[in-house]
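Asks: Residue-level listing of the chains:
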Amino acid sequence: MLHIYCPYCEEYREEEEFHPHGQAHIVRPLAPESLTDEEWSQYLFFRKNPRGLHHEMWVHAAGCRKFFNMTRHTVTYKILETYKMGQQPSITAEDTQ
Amino acid sequence: MSNIVNVQSPLYHADFESLASVTKEGGVSLREAKLLGHLNLRGNSDSPEFKNGVEKALGLTLPLTPCTSLQNDDATIMWLSPDEWLIIVEGGQEATVEETLRANITGHFAVSDISGGQTILEISGPDCIKVMQKSTGYDFHLKQFPVGKVIGTAFAKSSTYIRRTSYDSFQLVVRRSFADYFWLWLQQSSKEYGLRITL
Chain A
1 MLHIYCPYCE
11 EYREEEEFHP
21 HGQAHIVRPL
31 APESLTDEEW
41 SQYLFFRKNP
51 RGLHHEMWVH
61 AAGCRKFFNM
71 TRHTVTYKIL
81 ETYKMGQQPS
91 ITAEDTQ
Chain B
1001 MSNIVNVQSP
1011 LYHADFESLA
1021 SVTKEGGVSL
1031 REAKLLGHLN
1041 LRGNSDSPEF
1051 KNGVEKALGL
1061 TLPLTPCTSL
1071 QNDDATIMWL
1081 SPDEWLIIVE
1091 GGQEATVEET
1101 LRANITGHFA
1111 VSDISGGQTI
1121 LEISGPDCIK
1131 VMQKSTGYDF
1141 HLKQFPVGKV
1151 IGTAFAKSST
1161 YIRRTSYDSF
1171 QLVVRRSFAD
1181 YFWLWLQQSS
1191 KEYGLRITL
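Here the protein sequences come in this chain order: A and B. Residues in the first sequence are numbered consecutively from 1, following the numbering used here. Residues in the second sequence are numbered consecutively from 1001, following the numbering used here.
Quick caveat, the hints were computed from the structure, so don't treat them as lab data. No experiment lies behind these values; they were computed from the predicted model shown. Incorrect hints may appear among the rest.
Stated by the list, open to error - Residues from chain A that face chain B, not an exhaustive set, calculated with beta carbons under 10 Å:
#1 PRO50
#2 ALA62
#3 LYS66
Unchecked claim - Output of the computed footprint for chain B on chain A, the stretches with three or more beta carbons under 8 Å from beta carbons of chain B:
#4 2–10
#5 13–21
Using N, Cα and C, we set each Cβ at its ideal position, and we do this for glycine too.
Let the sequences and hints guide you as you build the complete structure.
Replies: Right, dumping it as C-alpha cells:
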C-alpha cells in the first residue's frame, strides 16, 4: 500500500483514503470554439503514458476531499513529491535524465 | 395543524435506553451523542472578515492548523479541510448559531445546517483503542494522534471524521445512512472485549 503525503492535511495517509484522477496540468483551451476537431480531441481524450516520471492528480477522498498533484515513477511506483493545485512540480523527467 | 416534528436519532431502532440497563460491563463503552446541531462552514481562511466574523459569532478562533479542533462550553469547531469546518452545538441551537454566523460574517462564505445528515458516536474505555486500530489504518499513538486532533479517514471502509477527546475516548462523526452499519461493525469488533452502552 502506498503512503501518500497530503499537502493539505500536511501528513502521510494510507492509499485507501485517496483516489487517482489521471494526468495533471492539462490546460483547458482558452478558445475551444476555434480549435480543430483534432486539437479538441487531443485535449479531451489523449493522455501521456510515460515509462518513468509522471505528474498526476489525486484526490484525498476520505480526508479533506482536496485535489492535489503528485510526481510518481510509473515503474517503481515511487512518489517523489506531492504538491498543491496550481503549483508546478519541482522534479521533472528532464531533471533526472 | 401542529408544527412539531418528532426527530429520531438514526440509531433509534437499536434502543440504547434498554441496552444501557443490561450491558453493565465491558472494555469498550459506546454512546450516541444524538440529535446535536451540526453546521458545515465554508469560507476563505485567508480573509480576515471571515476569520474575525467566525470568532465573533462563536467566541472561538477558527482552527487553521490542519486536523485540529477547538472547543468551548457552547460549541466545538473541527478543521475538515483548508476551507471547510464542522461546528457542533447543542441540539436545538443550530438555527440560532447559523443566524449569528450569518450576521457576523461578511463576504463569500457558506453555512449549512446538516444536523439531520449525520450523528456522533462516542467510543471510550480501556479497550477502545484496540477497536479503533482494527477499524482503520491510522496510527493511534498519542504522538501522531494527540487529544483534540480530528482526522478524516476510512473507518471500516467508510469515510468518517474521528476526533480524540482523551487518551481512550473518541468521537466518530458518521453519516446518518451509515449509522446502522457502524453500529453493527462496532458490536462485532468489540465483542471480544465486551461492549457497554451508556447514555
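Asks: Does each hint fit the structure? Answer for all of them.
Replies: Here is what the structure says about each hint:
1. For the restraint placing A:PRO50 at the interface with chain B, the shortest Cβ-Cβ distance is roughly 30 Å, beyond the 10 Å limit, so the hint is violated.
2. Hint status for A:ALA62: holds, given a least beta-carbon distance of 4 Å to chain B, under 10 Å.
3. Annotation: A:LYS66 was flagged as interfacial toward chain B, and the flag holds, the nearest CB pair being 6 Å apart, inside 10 Å.
4. Coverage of the region 2–10 of chain A by chain B holds in this model, with 3 residues showing a Cβ closer than 8 Å to a Cβ of that chain against a need of three.
5. Using a Cβ-Cβ cut-off of 8 Å, 4 residues of the region 13–21 of chain A lie near chain B, which meets the minimum of three, so the contact claim holds.
Violated hint: 1 only; the structure is consistent with all others.
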